[in-house]
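Please model the entire structure based on the sequences and the hints provided.
Letter by letter, the chains look like this.
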Amino acid sequence: MANQEMTGAEIVIKALKDQGVEVIFGYPGGAVLPLYDEIFKQNSIRHILVRQEGGAVHAAEGYARSTGKPGVVLVTSGPGATNAVTGLADALMDSIPVICLTGQVATHMIGNDAFQEADTVGITRPVTKHNYLVKDANDLARTVHEAFYVATNGRPGPIVIDLPKDVQLASGKYLPPSMVKHKSYKPQVKGDLKAIKAAVKLISNAKRPIFYTGGGVINSGPKASKLLTQLVRLTGHPITNTLMGLGAYPASDKQFLGMLGMHGTYEANNAMHDCDVMVCIGARFDDRITGRLDAFSPKSKKIHIDIDPSSINKNIQVDIPIVGDVAHVLEDMIKVWKSEVHKPEAGATKKWWAQIQEWRAKDCLKFEQKGKAIKPQYALQRLNELTKGMDRYFTTEVGQHQMWAAQYLQFEEPNRWMTSGGLGTMGYGLPAAMGVQIAHPDALVVDVAGEASTMMNIQELSTILQYRLPVKVFILNNEYMGMVRQWQELLHGGRYSESYMESLPDFVKLAEAFGSTGLRCTDPDKVDDCIKEMIAIKGPVVVDMIVDKAENVFPMVPSGAAHNEMLLGGEADGAGPKVTSDGLSLV
Amino acid sequence: MTEDTEIFRHTISVLVDNEFGVLARVVGLFSGRGYNIESLTVARVDETENLSRITIVTTGTAMVIEQIKAQLGRLVPVHKIADLTIDGPSVEREMALVKVVSKGEKRVEALRMADIFRARAVDTTEDSFVFEVTGVPDKVKAFIGLMEPLGKAEVCRTGVVAVHRGTDVI
Numbered sequence: 001m002a003n004q005e006m007t008g009a010e011i012v013i014k015a016l017k018d019q020g021v022e023v024i025f026g027y028p029g030g031a032v033l034p035l036y037d038e039i040f041k042q043n044s045i046r047h048i049l050v051r052q053e054g055g056a057v058h059a060a061e062g063y064a065r066s067t068g069k070p071g072v073v074l075v076t077s078g079p080g081a082t083n084a085v086t087g088l089a090d091a092l093m094d095s096i097p098v099i100c101l102t103g104q105v106a107t108h109m110i111g112n113d114a115f116q117e118a119d120t121v122g123i124t125r126p127v128t129k130h131n132y133l134v135k136d137a138n139d140l141a142r143t144v145h146e147a148f149y150v151a152t153n154g155r156p157g158p159i160v161i162d163l164p165k166d167v168q169l170a171s172g173k174y175l176p177p178s179m180v181k182h183k184s185y186k187p188q189v190k191g192d193l194k195a196i197k198a199a200v201k202l203i204s205n206a207k208r209p210i211f212y213t214g215g216g217v218i219n220s221g222p223k224a225s226k227l228l229t230q231l232v233r234l235t236g237h238p239i240t241n242t243l244m245g246l247g248a249y250p251a252s253d254k255q256f257l258g259m260l261g262m263h264g265t266y267e268a269n270n271a272m273h274d275c276d277v278m279v280c281i282g283a284r285f286d287d288r289i290t291g292r293l294d295a296f297s298p299k300s301k302k303i304h305i306d307i308d309p310s311s312i313n314k315n316i317q318v319d320i321p322i323v324g325d326v327a328h329v330l331e332d333m334i335k336v337w338k339s340e341v342h343k344p345e346a347g348a349t350k351k352w353w354a355q356i357q358e359w360r361a362k363d364c365l366k367f368e369q370k371g372k373a374i375k376p377q378y379a380l381q382r383l384n385e386l387t388k389g390m391d392r393y394f395t396t397e398v399g400q401h402q403m404w405a406a407q408y409l410q411f412e413e414p415n416r417w418m419t420s421g422g423l424g425t426m427g428y429g430l431p432a433a434m435g436v437q438i439a440h441p442d443a444l445v446v447d448v449a450g451e452a453s454t455m456m457n458i459q460e461l462s463t464i465l466q467y468r469l470p471v472k473v474f475i476l477n478n479e480y481m482g483m484v485r486q487w488q489e490l491l492h493g494g495r496y497s498e499s500y501m502e503s504l505p506d507f508v509k510l511a512e513a514f515g516s517t518g519l520r521c522t523d524p525d526k527v528d529d530c531i532k533e534m535i536a537i538k539g540p541v542v543v544d545m546i547v548d549k550a551e552n553v554f555p556m557v558p559s560g561a562a563h564n565e566m567l568l569g570g571e572a573d574g575a576g577p578k579v580t581s582d583g584l585s586l587v
Numbered sequence: 001m002t003e004d005t006e007i008f009r010h011t012i013s014v015l016v017d018n019e020f021g022v023l024a025r026v027v028g029l030f031s032g033r034g035y036n037i038e039s040l041t042v043a044r045v046d047e048t049e050n051l052s053r054i055t056i057v058t059t060g061t062a063m064v065i066e067q068i069k070a071q072l073g074r075l076v077p078v079h080k081i082a083d084l085t086i087d088g089p090s091v092e093r094e095m096a097l098v099k100v101v102s103k104g105e106k107r108v109e110a111l112r113m114a115d116i117f118r119a120r121a122v123d124t125t126e127d128s129f130v131f132e133v134t135g136v137p138d139k140v141k142a143f144i145g146l147m148e149p150l151g152k153a154e155v156c157r158t159g160v161v162a163v164h165r166g167t168d169v170i
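Each protein sequence line maps, in turn, to chains U and L.
Positions 1 to 587 (the UniProt record's numbering) are the ones given, in order, by the first sequence.
Positions 1 to 170 (the UniProt record's numbering) are the ones given, in order, by the second sequence.
Please keep in mind that the hints were generated in silico from the structure rather than gathered at the bench.
Don't take every hint at face value.
[Stated by the list, open to error] Derived lysine-lysine pairs resembling DSS-like cross-links, with alpha carbons at most 30 Å apart:
{"#": "1", "chain 1": "U", "residue 1": "K186", "chain 2": "L", "residue 2": "K80"}
{"#": "2", "chain 1": "L", "residue 1": "K69", "chain 2": "U", "residue 2": "K299"}
{"#": "3", "chain 1": "U", "residue 1": "K335", "chain 2": "U", "residue 2": "K301"}
{"#": "4", "chain 1": "L", "residue 1": "K80", "chain 2": "U", "residue 2": "K194"}
{"#": "5", "chain 1": "L", "residue 1": "K99", "chain 2": "U", "residue 2": "K197"}
{"#": "6", "chain 1": "U", "residue 1": "K335", "chain 2": "U", "residue 2": "K350"}
{"#": "7", "chain 1": "U", "residue 1": "K190", "chain 2": "L", "residue 2": "K103"}
{"#": "8", "chain 1": "U", "residue 1": "K181", "chain 2": "L", "residue 2": "K69"}
{"#": "9", "chain 1": "U", "residue 1": "K350", "chain 2": "U", "residue 2": "K375"}
{"#": "10", "chain 1": "U", "residue 1": "K190", "chain 2": "L", "residue 2": "K80"}
{"#": "11", "chain 1": "U", "residue 1": "K135", "chain 2": "U", "residue 2": "K254"}
{"#": "12", "chain 1": "U", "residue 1": "K197", "chain 2": "L", "residue 2": "K80"}
{"#": "13", "chain 1": "U", "residue 1": "K194", "chain 2": "L", "residue 2": "K99"}
{"#": "14", "chain 1": "L", "residue 1": "K80", "chain 2": "U", "residue 2": "K181"}
{"#": "15", "chain 1": "U", "residue 1": "K186", "chain 2": "L", "residue 2": "K69"}
{"#": "16", "chain 1": "U", "residue 1": "K135", "chain 2": "U", "residue 2": "K223"}
{"#": "17", "chain 1": "L", "residue 1": "K80", "chain 2": "U", "residue 2": "K135"}
{"#": "18", "chain 1": "U", "residue 1": "K183", "chain 2": "L", "residue 2": "K69"}
{"#": "19", "chain 1": "L", "residue 1": "K69", "chain 2": "U", "residue 2": "K301"}
{"#": "20", "chain 1": "L", "residue 1": "K80", "chain 2": "U", "residue 2": "K183"}
Below you can see the structure in the form of structure tokens.
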């Protein structure tokens with residue numbers, strides 16, 4: 001079989017099968033017809049027809065993040081590829097393994113402005129981890145296998161393979177994955193043992209330690225989350241997660257301080273600011289985490305574990321950098337810790353924990369459900385309570401609802417929380433939920449949405465109908481682009497320029513038009529009933545939860561402020577940290 | 001804060017697969033992340049392995065230079081990266097072709113200067129010379145400066161190429 005000539009399209013599909021691909025999210029077009037013909041002739045790979053290519057990439061991301069396997073996308077040339085760009089950029093920022101096959105015009109037509117031609121490798125170069133244009137059918141198998149290797153090894157990311165139509169039709173030889181080895185890409189997975197020992201010593205001598213962990217722990221696989229939990233419990237130190245890292249450590253645990261960053265908890269951010277040893281694992285000191293750089297955790301020694309050497313010393317200088325895969329490094333750290341070469345003093349962190357309890361006592365996420373309007377926090381708190389213990393997955397769109405979801409939903413396990421962190425892509429959650437539901441057909445998959453974001457990929461309700469996916473879209477409808485409105489209130493004198501959503505659709509009728517069930521809730525007393533009904537319905541549901549329009553997300557570290565300068569909400573006008581002119585220019 | 005703001009000049013050598021788009025990846029990385037390129041040279045250096053060597057002269061703070069090397073390291077077709085400025089002593093050379101259009105005393109003076117700089121006249125007419133000058137960038141720059149009042153009409157520089165001194169290889 002290996003030496004038999006096959007068509008390019010046959011080679012690609014065979015290579016995907018040999019890579020264990022079960023699902024492709026795609027949309028056909030002229031330049032990929034030979035590939036679609038091959039898909040038609042086989043039964044082992046399932047094709048999910050999305051309604052716009054952007055939806056295909058987000059669906060593949062949802063699939064990848066909930067399974068740990070790479071998501072696969074197939075789109076046509078030109079507009080098919082350009083529509084996929086946002087999803088690719090999203091996957092790059094959040095380090096999600098995605099293989100995106102794009103059709104291309106025939107090789108002899110490339111550069112001639114042919115119909116549906118775009119310079120796909122040129123356009124996607126800055127939004128992919130790597131990309132390929134394959135001009136010879138004999139290179140197809142090697143390229144596909146290499147693409148899977150590169151997408152999933154090291155820091156994961158999206159790969160584009162651009163496939164000219166004549167190459168799909170030409171014949172060539174197939175190579176199995178075992179015969180393909182990458183010649184230059186060999187990421188370091190084992191951490192330097194000397195650095196690991198130094199790190200363990202620092203952690204065991206710490207008086208005010210904190211673990212700050214991110215999406216890298218999740219990307220490293222479920223084992224990494226187990227090891228993290230083990231190490232954190234062994235040390236007895238507090239831990240906070242980034243938005244991307246939620247679920248790597250059980251949210252219900254006593255040592256967990258909640259999320260940190262711009263909308264992180266009071267205790268997490270203050271602990272980050274005042275700590276003496278910071279252990280950053282699989283996170284990247286993003287501006288949403290650090291706040292003002294020169295005021296970031298000024299008193300701490302910093303340890304940074306990351307598989308990507310370019311993440312180290314990018315924004316923050318660290319004292320002990322460890323390049324390696326999180327699971328490998330944690331395994332070594334636990335071994336060193338257990339060998340007890342460095343034994344922490346008993347009660348060394350007692351004062352620190354007392355301080356943390358004091359911060360916790362502020363109860364920074366408290367809110368009052370009073371009056372006639374549903375508080376969005378309340379709706380999410382109830383959603384969390386009423387789905388506890390279920391096999392549940394949450395995706396989100398981007399904005400206020402996303403931050404509330406991160407604050408009020410609790411994640412006990414990794415791979416249960418899919419949100420667009422780095423790029424902040426509105427319209428991510430609905431297609432991502434589709435991808436999650438395809439991978440976990442019997443699970444409860446909820447897209448926590450805002451009415452503005454959800455409109456950005458609303459066409460995917462049609463895909464949900466076609467494949468009878470029981471996705472629940474949980475819209476917190478405040479008739480505003482809530483986060484834009486919040487910033488305009490705080491930073492631009494309450495001039496709500498273009499952030500009010502006029503002429504919104506009737507989401508109940510919209511749901512019905514797409515074969516979903518629509519539920520509307522306007523009364524705080526009926527929130528529970530609405531959520532229970534949503535869960536009980538076997539098929540797809542769109543919940544239109546009409547919430548308080550004026551609610552803001554707190555705590556908030558305003559742009560350009562330090563971690564310990566948080567707005568907690570309810571401050572009298574003018575109280576709290578002022579936004580500086582420097583801060584105003586930050587996003 | 002001086003150590004964070006002081007700007008250094010570094011010469012970085014990168015060994016890459018000689019494949020479609022690799023230069024665009026390197027250049028796109030520099031423009032996309034706002035790094036400087038003072039000069040850049042590229043050519044295939046290994047035919048059996050099909051590798052090209054890119055020499056980049058860049059400037060930045062110590063933190064930025066570290067980032068540049070780390071970011072280059074993320075590019076999939078990159079095999080090796082060497083920072084010739086900190087690895088130890090290295091040899092740097094650049095070549096320029098300088099066209100000088102002048103007559104009389106200026107022409108004689110140009111030729112005399114060229115001799116001192118060991119620049120060769122590789123083309124000549126009654127009214128012009130094309131000088132080939134090779135050396136470290138400062139020498140090339142000095143020569144071009146001297147030609148300015150002597151009828152300098154056109155300059156073409158190759159950018160820097162560099163290797164480690166001694167037995168070290170990239």
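Evaluation of the provided hints:
For the hint linking K186 of chain U to K80 of chain L, the alpha-carbon distance of about 12 Å falls within 30 Å, and the restraint holds. This hinted pair checks out: K69 of chain L and K299 of chain U have alpha carbons roughly 29 Å apart, not beyond 30 Å. A threshold of 30 Å between alpha carbons decides the hint, and for K335 of chain U with K301 of chain U the separation of about 22 Å falls inside it, so the pair holds. For the given pair, K80 of chain L sits about 24 Å from K194 of chain U by alpha-carbon distance, which is consistent with the 30 Å threshold.
Straight-line distance between C-alpha atoms of K99 of chain L and K197 of chain U comes to about 62 Å, which puts the hinted pair past the 30 Å bound. Restraint check: the Cα-Cα separation between K335 of chain U and K350 of chain U comes to about 25 Å, which is no more than 30 Å; the hinted pair holds. For the proposed pair K190 of chain U and K103 of chain L, the alpha carbon gap of about 68 Å is over 30 Å, so the pair is violated. Distance check on the hinted pair: K181 of chain U and K69 of chain L sit about 25 Å apart at the alpha-carbon level, within 30 Å; holds.
About 37 Å separates the Cα atoms of K350 of chain U and K375 of chain U, which puts this hinted pair outside 30 Å; it is violated. For the suggested pair K190 of chain U and K80 of chain L, the alpha carbons sit about 20 Å apart, so the restraint of at most 30 Å is met. Of the supplied pair hints, the one linking K135 of chain U and K254 of chain U is violated, its CA atoms being roughly 56 Å apart against a limit of 30 Å. Proximity of K197 of chain U to K80 of chain L is assessed by CA-CA distance (about 28 Å); at most 30 Å being required, the pair is judged to hold.
Pair hint K194 of chain U plus K99 of chain L does not hold up; C-alpha atoms about 58 Å apart against a cutoff of 30 Å. For the proposed pair K80 of chain L and K181 of chain U, the alpha carbon gap of about 18 Å is at most 30 Å, so the pair holds. Pair hint K186 of chain U plus K69 of chain L holds up; C-alpha atoms about 16 Å apart against a cutoff of 30 Å. Restraint check: the Cα-Cα separation between K135 of chain U and K223 of chain U comes to about 40 Å, which exceeds 30 Å; the hinted pair is violated.
Of the supplied pair hints, the one linking K80 of chain L and K135 of chain U holds, its CA atoms being roughly 27 Å apart against a limit of 30 Å. At roughly 20 Å between alpha-carbon atoms, K183 of chain U and K69 of chain L fall within 30 Å of each other, so this suggested pair holds. Among the hinted pairs, K69 of chain L with K301 of chain U is consistent with the structure: their alpha-carbon atoms are about 24 Å apart, no more than 30 Å. Distance restraint check for K80 of chain L and K183 of chain U: the Cα-Cα separation of roughly 12 Å lies within the 30 Å cut-off, and the hinted pair is therefore satisfied.
Comparing the model with each earlier hint shows violations of hints 5, 7, 9, 11, 13, 16; every other hint is respected.
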